[in-house]
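Trainee: If you want the building blocks of each chain, they are given just below.
There are 2 protein chains.
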Amino acid sequence: MTKTSKKKATIYDLSVLSGSSPSTVSAVLNGTWQKRRIKESTAALIRDLAETHQYTANRQARGLRSSRSGLIGLLLPVHDNRYFSSMAQTFEAHVRSKGQCPIVVSASRDPEEERKTAETLISYSIDELFICGATDPDGVHEVCETVGLKHINIDLPGTKVPSVISDNYEGGRMLTEAIIRRFPADQPLRPDELYLFGGRDDHASRERIRGFRAVKRELLGEDPDGCIQPTGYAPNNARLAFEAFYEKHGKLPRGVFINSSINFEGLLRFMAGHPHENFADLTVGCYDYDPFASFLPFPVIMIRQDVEGMITKAFEVIEEGRPQPRIHLISPELVQPRTALTGPLDALKDFG
Amino acid sequence: MTKTSKKKATIYDLSVLSGSSPSTVSAVLNGTWQKRRIKESTAALIRDLAETHQYTANRQARGLRSSRSGLIGLLLPVHDNRYFSSMAQTFEAHVRSKGQCPIVVSASRDPEEERKTAETLISYSIDELFICGATDPDGVHEVCETVGLKHINIDLPGTKVPSVISDNYEGGRMLTEAIIRRFPADQPLRPDELYLFGGRDDHASRERIRGFRAVKRELLGEDPDGCIQPTGYAPNNARLAFEAFYEKHGKLPRGVFINSSINFEGLLRFMAGHPHENFADLTVGCYDYDPFASFLPFPVIMIRQDVEGMITKAFEVIEEGRPQPRIHLISPELVQPRTALTGPLDALKDFG
DNA sequence: CTTGTTTGCACAATCGATGGTGCAAAGACT
DNA sequence: AGTCTTTGCACCATCGATTGTGCAAACAAG
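Read top to bottom, the protein sequences are chains A and B.
Numbering follows the working numbering, in which position 64 of the first sequence is assigned residue number 64; successive positions increment by one, without gaps.
Numbering follows the working numbering, in which position 74 of the second sequence is assigned residue number 74; successive positions increment by one, without gaps.
Errors might be hidden in some of the hints.
Pairs involving identical chains hold if they fit within one copy or between any two copies, as the list cannot separate such chains.
In silico DSBU-like links for lysine-lysine, alpha-carbon gap of 35 Å or less [what the hints assert, rightly or not]:
#1 8 - 160
#2 116 - 8
#3 313 - 7
#4 8 - 35
#5 116 - 150
#6 116 - 35
#7 116 - 39
#8 150 - 6
#9 160 - 6
#10 313 - 150
#11 7 - 160
#12 116 - 7
#13 6 - 313
#14 313 - 8
#15 35 - 150
#16 98 - 6
#17 98 - 116
#18 35 - 6
#19 150 - 8
#20 98 - 35
#21 160 - 313
#22 98 - 39
No lab work stands behind these hints: they were computed from the structure.
Kindly generate the complete structure, drawing on both the sequences and the hints.
Mentor: This is the structure we're talking about:
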């Protein structure tokens, strides 16, 4: 190896090699050289040297000077979930296409951790922060605000800055209606046969529940309170709720609206505990999309949220000068049972 | 707001406020103050000020000086996949517990993009890099090596530095055997009824295929070449392979070994195109775990790779001084049909 | 009271890139 | 030839934290 530098080349190295000053090297390599009236030939020489020595600017130094880092943060509840990981994927694509670098972290839906994590990101001088699915978006907002960091909410809205979220009310309506219509006219669903499980007291759950209840009232005439079982987001709580229902009624409801795929896993856990039940007359609607769930042995109607649409919108809004703290709704999509949609995975290249 | 600083407090701000020098403030706040013989009372005063002014060190400045950033990189093929996103989740937990900050990026399995992305991370002076599932780990190695960056391979091995990977051979064997044993003695699987779909010419696929073929030979006596269909990782290629088989034979193989959940989605797409088939005599083994897939209307045996084990091992190995470029195998786990395992999602807190 | 030691801290250089300013040399113009 | 303008670049301060060094004041020993 001739060029085993072992340490990265700096503008000072290149300035010695080229016989020009560090500032000239810097200007050439960051594109401001025309403004500084550097001769084309000097620039070419320096670019050449940079190339052969594999120079790349030290982002920490640049960031320190310019108080920008080129990092854009995304704060998630968790990574290992289809919805949020596809947020990460889409977010990364957008950020990279702007020539910046994504930094994606998770905070377990814990308000305290959300703030702490935001502070960590801030200590790296990130340029913008996308707050996705946070339990306390306004808490994170405070942290951002004191250092003048641009930020925006996704998935769950806050009140201080703009929010881009799914149209949960409409999605809830669509899904509820699809469940109801799935039953044949001679064996229609009764109001007390359609339950909602999962979710908690956040904006998304509330809106979905509102849509659910509205459609129930419109199509089934009634909407008993007892049919709403907000069990939180933990899969095991959902499992317990199904278990309890089953204990009491000896079966599951004929129609089940599940608030998210995480809660849906609770249903699976319940089913694993009842291997001999075949749950013949069960229709599930789930507010999330997963291709495998779509092919389960009972009809599963799903909602796919428009992640690409939300991220795109969020970038548009955050670029605005003084955006109002309003809520931007993005329409989700209804997915019929046994549907295998394509996704970002299809962008995977096959090499080798 | 009394304390709307609008810009972050620095050690200089605190030094003025406390009447001591910046270096004293720095020493107090980064823990080296005992070594510098700072009075306890001075330290207390400064800590107090730091608290009330919400001081946090500028990581870019610190990193510039110390040529370390506190960032640890993870390079993935993609985010939106259960396996890799759970890598991200586990990785993040480990990194944060060491008081550092994770930076997770994806490079689409593209060797060029892998190197470029590594270079970007390097420009941020990351302290270590975990290379997960890379198509060209040794290419990334070159990039790391020239700047003296510690790195390690996960999931797919390289030849230059240590690699921590799944025991794909054993996993392949376990899964194949489980598929075969799933068939009753009076209707045993014939060698030409057990196919493998998906994967390509990488270490993981090769090992799984090797295990598959070995077990087939041992248990079924034969192992025809035609039963191996490495379709790459793209779901659509897998779909086409299933389609082609179905065209030719009018049915699917009775036993199918699928190389990954991504390829499994190809099977779903195929099935979506044949809504009236019920695929009664089909048993699938999939080298990945997904709870929904586990409950599909046909038996699905799955392999869950020990992500926690791999990450833990990788951190152990990378801390070693001069680790040898050997391969560390981590045993995966067989998951019977209709099993809902708990996962990192269960760590989600319910607040609100 | 003098000399030696310890305590407690300030000073200043440094990391690498940026950008304002200044100033010679080259060219234009009278 | 003398003045004015433009060209081309070097110099230097700066961003914020770290760290080696130096040096007074406080204290101890003789």
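Trainee: Taking each numbered hint in turn, which are not upheld by the structure, reported in ascending numerical order?
Mentor: The structure breaks none of the hints.
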